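Those protein sequences? They're chains A and B, same order as listed.
Each residue of the first sequence is one higher than the last, beginning at 1 in the working numbering.
Each residue of the second sequence is one higher than the last, beginning at 1001 in the working numbering.
For the record, the hints were derived by calculation from the structure and aren't laboratory data.
Some hints could be false.
[Claimed, not checked] To give a feel for the contact side, a few chain A residues facing chain B, derived at Cβ under 8 Å:
1. F29
2. Q70
3. S99
4. V106
5. L133
6. G153
[Claimed, not checked] So these bits of chain A aren't anywhere near chain B, every CB distance computed over 12 Å:
7. V12
8. D16
9. A17
10. T19
11. R47
12. G60
13. S61
14. E87
15. R88
16. V90
17. R163
18. A188
19. S195
As the structure is a computational prediction, the values presented were derived from the model and not from experiment.
Positions of the beta carbon are idealized from the N, C-alpha and C atoms, including for glycine.
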Amino acid sequence: MEALQAIAGCAVVFSDALTPALRRLLKPFCSDCRPVESGEGRSEELRRRAARILAVAGDGSSVAYAAFGQPMVFGPFARELRRQAQERGVPVRVVGGLSAFDEYLVAQQEVFGYGRRWYQALDDCSPKALERLGSLDSGLPTVAFLRGGGTSGFRRALGRVLRSSYPAEDECRIFEFAGEGAAMKSRALPLARLSRLRGSPHSRLVVVAPGSHHGRR
Amino acid sequence: MADAEGDRARAADLVRKALAMRAHDELEGAANALEAALQEDFACAAAWGWLGEVRLRQGHTTAAIRCLAEARLLKEDWPRLHLWRAGLLNALGRPQEALLALERARTLGLPSPEPELPVARPKSAVGDAVEGDLARRAMDRRVAERPTAERFEERARGLKDIGLPMEAVDDYSTAIALEPTALRYTMRGRGLFYHRHYELALLDFAKALDLDPRCAQAYCARLDVQLCLERYDEAAADARAALEISPERSEIRLNLCEALALSGRRAAARKEFEGLEEKGVDAATAQWMRGYLACLERDYRRAVPILESAAEMAGSAALRERAGIHAVAARLCDGGRRPKAGAKAKGHLFVCGMGVRPPVSLTAEVVQALQSCDVVYKNVSGDEVSTLVRIVSLRCRPVMFRNPQDVPRTSALLLSEARRGRRVAFLTFGHPLIFGPLGLELLRSAREEGISCTSFSAFSSIDSMLAGGGPALDFCGGNYQILSVMGQDVLQGVSRLNPKLATLLYFPEAQSGDGRRFAGFCRELLGRFPSRHPMLVFGPHHEGWEAPARRPIEDLPSISQPLLIQSMVLILPV
Chain A
1 MEALQAIAGC AVVFSDALTP ALRRLLKPFC SDCRPVESGE GRSEELRRRA
51 ARILAVAGDG SSVAYAAFGQ PMVFGPFARE LRRQAQERGV PVRVVGGLSA
101 FDEYLVAQQE VFGYGRRWYQ ALDDCSPKAL ERLGSLDSGL PTVAFLRGGG
151 TSGFRRALGR VLRSSYPAED ECRIFEFAGE GAAMKSRALP LARLSRLRGS
201 PHSRLVVVAP GSHHGRR
Chain B
1001 MADAEGDRAR AADLVRKALA MRAHDELEGA ANALEAALQE DFACAAAWGW
1051 LGEVRLRQGH TTAAIRCLAE ARLLKEDWPR LHLWRAGLLN ALGRPQEALL
1101 ALERARTLGL PSPEPELPVA RPKSAVGDAV EGDLARRAMD RRVAERPTAE
1151 RFEERARGLK DIGLPMEAVD DYSTAIALEP TALRYTMRGR GLFYHRHYEL
1201 ALLDFAKALD LDPRCAQAYC ARLDVQLCLE RYDEAAADAR AALEISPERS
1251 EIRLNLCEAL ALSGRRAAAR KEFEGLEEKG VDAATAQWMR GYLACLERDY
1301 RRAVPILESA AEMAGSAALR ERAGIHAVAA RLCDGGRRPK AGAKAKGHLF
1351 VCGMGVRPPV SLTAEVVQAL QSCDVVYKNV SGDEVSTLVR IVSLRCRPVM
1401 FRNPQDVPRT SALLLSEARR GRRVAFLTFG HPLIFGPLGL ELLRSAREEG
1451 ISCTSFSAFS SIDSMLAGGG PALDFCGGNY QILSVMGQDV LQGVSRLNPK
1501 LATLLYFPEA QSGDGRRFAG FCRELLGRFP SRHPMLVFGP HHEGWEAPAR
1551 RPIEDLPSIS QPLLIQSMVL ILPV
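With the rest of the complex left out, here is chain A (with noise of 0.2 Å):
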């Protein structure tokens, strides 16, 4: 609600994630909505799109970027925003959104029940990542989180570091928020099966693995 009051005072929004279910829900509150990208992109590219935006403010006029998830976390595009923002003047209020985090501790608590107060989160399971980090701790429970159901090299990488980190026969659990108003689905999936997991791009794969002292209870 925050989000929507400040948008309603604004003259143009920009979105990441302009989907028709955001489009509707945006229109009342600012008829003038544009999509960006916001990706993963080298700084000039940044820049560049940060001032696209920041030149709507230049006449005076508020202008507003809804971004996927919270602006802030892994949000090199806000930043990059922001930065031009200070520097040109521009007031700049950041409203925090939902994030990650809170489907981690959601996913844990339904597997592991109330009070589980410990555990591994990944947020990047890029190969990259996962070789860097090694193996995990068997004893605690692992919480990965996968945008768009992740890649598959992604996958596979995820299924390799499990299972070497817990016994083969150790099942993890899957949750899968299958895109705008789609309930969220849960199963169990062995580890070993985990490489041929799939996903959708409009969906979020959180996989839950339980430490091997939590096992089968």
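Fit chain B to the given chain A structure using the hints.
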């Protein structure tokens, strides 16, 4: 009526069964039977009292406090109850208060020979977090110094603030026993209202008004109960009486208008809002009130421009924010859909959170879900929250959920509504499923019973902190170990911590936590990292909210306990 008698009879049977088990020292079985009795009859004083005694014997002092307080509300003149209270207060190290309770028991007439005081288990086995709370200890000390009505009242206010409402009610009872005043009855009545003891609350307000017929607070409190019970005429009468005493309080006029609008007397409601400016209400507030009335009449399209103009006119930031947020809610409701009238009733349960900064942190999907509900049970108090929820849903009832032992009763209440084919929502502070045993239980029970259920993510304290401190996480490559400090497993497992992984600490229960435990945790943690290793502390009360400064890990123990609950600590990987 026959149903109620049947419930009472079943509860009495269960109490008898529990007492037989208790006589054979089967304490857990007795406790279970007594809890079952309360499921049958929530107003069974004997079940509450004996459950308190059993919990005390088991060493669960926090649960015992709550049970004995409930029993006291229902049957204050039960001598044995005061004897148990004396035992409990003794176990908590509050001998002066124990003496007062014992005196009361003797006044009421104890059986001869006098029963022994119940003995709690040794404290080491109890492990009650309450005992470690410094604020609580300071309040207890002040009562011990001088156990007067004023000191009990003062502690009651403090207990309410630290989230112990039932203990607060108990202290108001003691203050009333020592020196009854209208305000004390009113405050206790408010506590009872939030525990859904509606009739007892109404009795307290009546007693307050007997003592002081010009006690505006009592009228205001009573009209809240009447609104909740959908007795709109009585609510309107209370609002009018309160307005006569305090005509300058515009929120009472708003309540009057609510009562009139909800009872379908729209013309009378609108009349109340005519010429508000001449009655001393400023123009922006008057405009907001007219917009709010349009929302109550469910004319959202008309409400939006009125509320937006109120936000523009507002001189104070608070009114600007309130009118602005109400305009957003009205816009969302204007686009939302309610199930068609006459459509086949199908029960549905929504588990919703208001986020950690209600009402602004409410999400759009929750607003639209609430709008589609027949009844909303609200576990969040405060005028700002209440007015917003009323914009969205007309049937809103308070439900007080504080302790894990309230889970079965509250869950049963909500599920019974859904079983009757109603669309019911549980609305709570923060995220309903993060450290939310009730939310999790609701989902589990609804699935088991085949009741359709939807839960929504909400803006949690972690989100609030990440909104500002998020860039810090980029230092770590995205992978962490997350520890919710104060959990026993965390405190025992620090030696297994992997310093090569970024470590994120957060403290959701620091308020009720034990300072000594935290100090022990810090000692263990410091031993796992090199000296002067960097950490980042972020949260609304720390410097550098947007770009937290690096501090040496040795600073961790110096963060004061009350700030911890809103803090997050990131220890960088070695």
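Hints, verified against the model:
1. Hint on F29(A) holds. Least Cβ distance to chain B is approximately 7 Å, under the 8 Å limit.
2. Restraint check, Q70(A) versus chain B: the minimum CB separation of about 5 Å is within 8 Å; hint holds.
3. With 8 Å as the threshold, the beta carbon of S99(A) comes within range of chain B, its nearest partner Cβ sitting at about 5 Å, so the hint holds.
4. Among the interface hints, the one on V106(A) holds; its C-beta lies about 5 Å from the nearest C-beta in chain B, closer than the 8 Å criterion.
5. The interface hint given for L133(A) is met, as the beta carbon of that residue sits about 6 Å from the closest beta carbon of chain B, less than 8 Å.
6. Using the Cβ-Cβ criterion of 8 Å, the hint placing G153(A) at the interface with chain B is not satisfied: the shortest such distance is roughly 16 Å.
7. With a least CB separation of 18 Å from chain B, V12(A) remains clear of the 12 Å interface cut-off, as annotated.
8. At roughly 16 Å from the closest C-beta of chain B, the C-beta of D16(A) stays outside 12 Å, upholding its exclusion from the interface.
9. For A17(A), the non-interface assignment is confirmed: its Cβ lies about 14 Å from the closest Cβ of chain B, beyond the 12 Å cut-off.
10. For T19(A), the condition that its CB be more than 12 Å from all CB atoms of chain B holds, with the nearest at approximately 14 Å.
11. Look at R47(A): its CB is around 18 Å from the nearest CB on chain B, clear of 12 Å, so calling it non-interface holds up.
12. With a cut of 12 Å on Cβ distances, G60(A) stays outside the contact zone with chain B, its closest approach being about 17 Å.
13. For S61(A), the shortest C-beta to C-beta distance to chain B comes to about 17 Å, beyond the 12 Å cut-off, and the non-interface label holds.
14. For E87(A), the condition that its CB be more than 12 Å from all CB atoms of chain B holds, with the nearest at approximately 16 Å.
15. At the 12 Å boundary, the C-beta of R88(A) stays outside the reach of chain B, the nearest C-beta of that chain being 18 Å off.
16. Under the 12 Å C-beta cut-off, the non-interface status given to V90(A) relative to chain B holds; the minimum distance is some 16 Å.
17. Remark: the non-interface label on R163(A) is consistent with the geometry, its nearest Cβ contact in chain B lying 17 Å away (cut-off 12 Å).
18. No Cβ of chain B comes within 12 Å of the Cβ of A188(A); the nearest lies about 15 Å off, and the non-interface call holds.
19. Every C-beta of chain B lies more than 12 Å from that of S195(A), the closest at about 19 Å, which supports listing it as non-interface.
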